[in-house]
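One letter stands for each residue in the lines below.
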Amino acid sequence: MNVVRGKLLPPVLAIVFAALLCSIALLVSGGNPASALTAMVAQVGEGTTAVDIVNSASVYYLAGLAVAIGFQMNLFNIGVEGQYRVGAVVAAIVGGAISLPAGLHAAVIIVVAALAGAAYAAIPAILKVTRGVNEVIATIMLNAIAAGVVAFLISQDAFGVLRGNNIGTAEIAETGWVPGISFGSNGTVFGLVLLAAAVGVGYWVMMNRSRFGFELRASGESATAASAGGVNAKRMVLVAMLLSGAMAGLVTMPELLGRDHTYLITSPTGYGFTGIAVALLGRNHPGGVALGALLWAFLDKSALALDNVGVPKEIVTIMQGTIVLSVVVAYEIVRRLELAAEQRRVGRQNSGNGGAPGQPAGASAGGV
Amino acid sequence: MSSSAAPVAAGAGEAPPAVVLSGITKRFPGVVANSDVHLTVRHAEVHALCGENGAGKSTLMKILYGMQHPDEGTIEVNGAPVRFRSPTDAIRAGIGMVHQHFMLADNLTVLENVVLGAERLHGIGARARRRLVELAERTGMRVEPDALVERLGVADRQRVEILKVLYRGARIIILDEPTAVLVPQEVDELFDTLRGMREQGYTFLFISHKLDEVRAIADSVTVIRRGTTVGTADPKSVSSRQLAEMMVGSALPSPETRESTVTDQVVLRVEGLSLLAEDGSGRAVLDGIDLVVRSGEVLGIAGVEGNGQTELVETVMGMRHASSGRVWLTGRDGTTRELTNLTTLHRREAGIGYVPEDRHRHGLLLTQPLWLNRVLGHQTRPPVSRGQWLDLAGAKQDTRRIVEEFDVRTPGIDVAAAALSGGNQQKLVVGRELSADPALLIASHPTRGVDVGAQALIWDQIRAARAGGLAVLLISADLDELIGLSDTIKVMFRGRLVADADPASVTPEELGSAMTGATTDVPTGAHGGSTSDGPGTGSSTADSEVADSEGGERG
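Taken in order, these protein sequences are the chains called V and Y. Sequential numbering of the first sequence, starting at 962, is according to my numbering. Sequential numbering of the second sequence, starting at 8, is according to my numbering.
Pulled out of the complex, with its shape left as it was, chain V reads as follows (with noise of 0.2 angstroms):
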């Protein structure tokens, strides 16, 4: 009942909430918001719509689990835009050059992804713990340089090759890709979509079951209790990057190996920021990041359907900010709350034995 109200309140609060601000930004334009947002709605059941929500819904878990990792210890990987992409490029070219079985195939590609990413990721990370430098800046930083690194390493000079006016890398053998669960005109689910969720699941393992986890949480909480506690922090700055990079470098997975096998000059960007929204909306928590992945996916893809009540799709973008923003303020509040509620509770049960607080516990605990 607790965690009800805890955890799901708030994000439902800031959607009700979102809603209410863009249907006002409807009628002052001149919309009919209902009308929206039953086409909306209705755009589910058309075509490849659903399986498309699904496919990109995988896409922004990976990165929002990449994000959500570093968030645990209050680590701000805004890098995971750059790291996804060298992961991506990087894992392109690899495959594309490569031949070796079907199945080996792919899973060599996933792993120079997953690694790739870790590795540009280690640069931030190695910068902050030997020279204090802030993840935040660095990140950026390198983002604007990963967008030049992969333009180039897809360029003409380096590995790109030209396929009618697009650039990209090689393409890779049929024996690197991963075939997908078909749904017939519906469309085609990507076969990775199966990975993002064996991460997610080894994510939740990983943060409530393990060691790390309990130390990367400890970390996050509380830096001093965490050092008290004999926890490393340089090490935990260090591995929480490496795997956030790791994470980061998956992302175009399931698009890569399951539709596309080739990165292209033109592939689509802003995953990584995606995934700071999608981490922000579900808290960190598995369950929570692919609910809000697939809400993130259902709103950019259903926005289609808005051209056809004659709603302009940008409205979208404004719900999409207004929940994070909403999410953001909702989970503070309802924090608060909760912790005062419970400062009640624990004081009104010892109360009940011992009077008021300050002076109670001299009677009874003198026996003890």
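Any given hint could be a false lead.
Partner residues aside, some chain Y positions facing chain V, computed with beta carbon under 8 angstroms [as the list claims (entries may be wrong)]:
id, residue
1, L349
2, T351
3, P376
4, L427
Since the hints were made in silico from the structure, they are not lab data. Each residue gets a CB set at the ideal place from its N, CA and C atoms; glycine is no exception.
Once you have looked at the hints, place chain Y on chain V.
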């Protein structure tokens, strides 16, 4: 507790007292921060408020400054009762506060900093500048209105802070440990300024625990201990020694006829442990510490706060890295290991339990449930973990045991640690640290800020564990606790262990004089210089070279 009113000097009777606090009580959940505090500050005097950290000075000042609201009691300013809802009200009543940590915008000029937030008074232009210059001239605080604050030294910044409150019309000024960040010459200058302003009718409340400074500047001094005022004295007629006793409590606990459990098995051996200050000045915060704690022994470290006790504990725990010296520990299994180069985790695994000085910063994960707090510091050992994995059932089971045995008042083990009162949090921490059967317990102020019942329980538990062969290194500012628990007492002063004492026979006077070092009876002079060794005190070794060390380490 009844408190003595300030001795009224002849001729000071015309003006009503600047501030009268009577019967102030402030409770936080589970802790009484202030209890029946009485304080009378006469008009145009420098009134010192003395007490150890955590004695309740800052809460009291926050109440006077309107940042906290008293649960009981009344405040009078210049003879009229007042009720402050916020600092704005206090400022309006002519009260200003200079915080220990400066609150200035570095990238603004002096004038801009002073005017910031008080633009309504004299605008932001020529009028404001004239007012600032006039104030600076009248008080003798030379400042350059257009200098950038980031270019100013510490003493100048402090002047800006004082001018800020004067600009807002303060006539009663609270100075929170103003000398902590100053070097001796600057302290002298500050005191000259204060004396000059006192002549002009300003009243100062001067918070400090440096007794020589209090005696140099204050007209009267009120001592606060465990949240209540224990009395007001005339610093001209009272000795530093007597003040120290008032601060730490001179009432000896009734001598307990207890059997000594001390064995000859050495558990902790520290040799030549030194630590340099982190500011790179090369100053020693710990200077050649040698000590031995035996199985079944409580070794108490006495000392006025800030003389290296915190650093000693954190160095033994491996949270700070000693610049020289070695540490050995003999575990429960009888094997002796050198800890000098081990991490905090390995030291804990070797058999050290640690009750930190600040349980919120170092002891607990406040938003996490109690059972997860049980894991902290023990994450590599059963019953809370198995290899790389946590043992949730084991952790919960053992947390229930602690809650039971240590009488932690909580509805369950799933509540967040922050929801418990201070005393119950501390019982949880002590229970956790004793639970892995450590060979050594390092307890820093184990009962600070907890209620009497929790205090008794924690003492009992430590005594019981000692009887079972535990070695305890106890740091405390509370003489009652120190004398009541310890088998041996060592006195720490400016980074060195300067004296030994036998808790069975030592008098508070002897402890107090050793704790305040050699500079006990300096009549004037703001800082302990090497010229002023007090007669007959045993610790004149370390003062001259580290006279400014306490200030420097906060800077």
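Hint by hint, here is what the structure shows:
no.: 1; hint: L349; result: 10 angstroms, violated
no.: 2; hint: T351; result: 4 angstroms, holds
no.: 3; hint: P376; result: 10 angstroms, violated
no.: 4; hint: L427; result: 6 angstroms, holds
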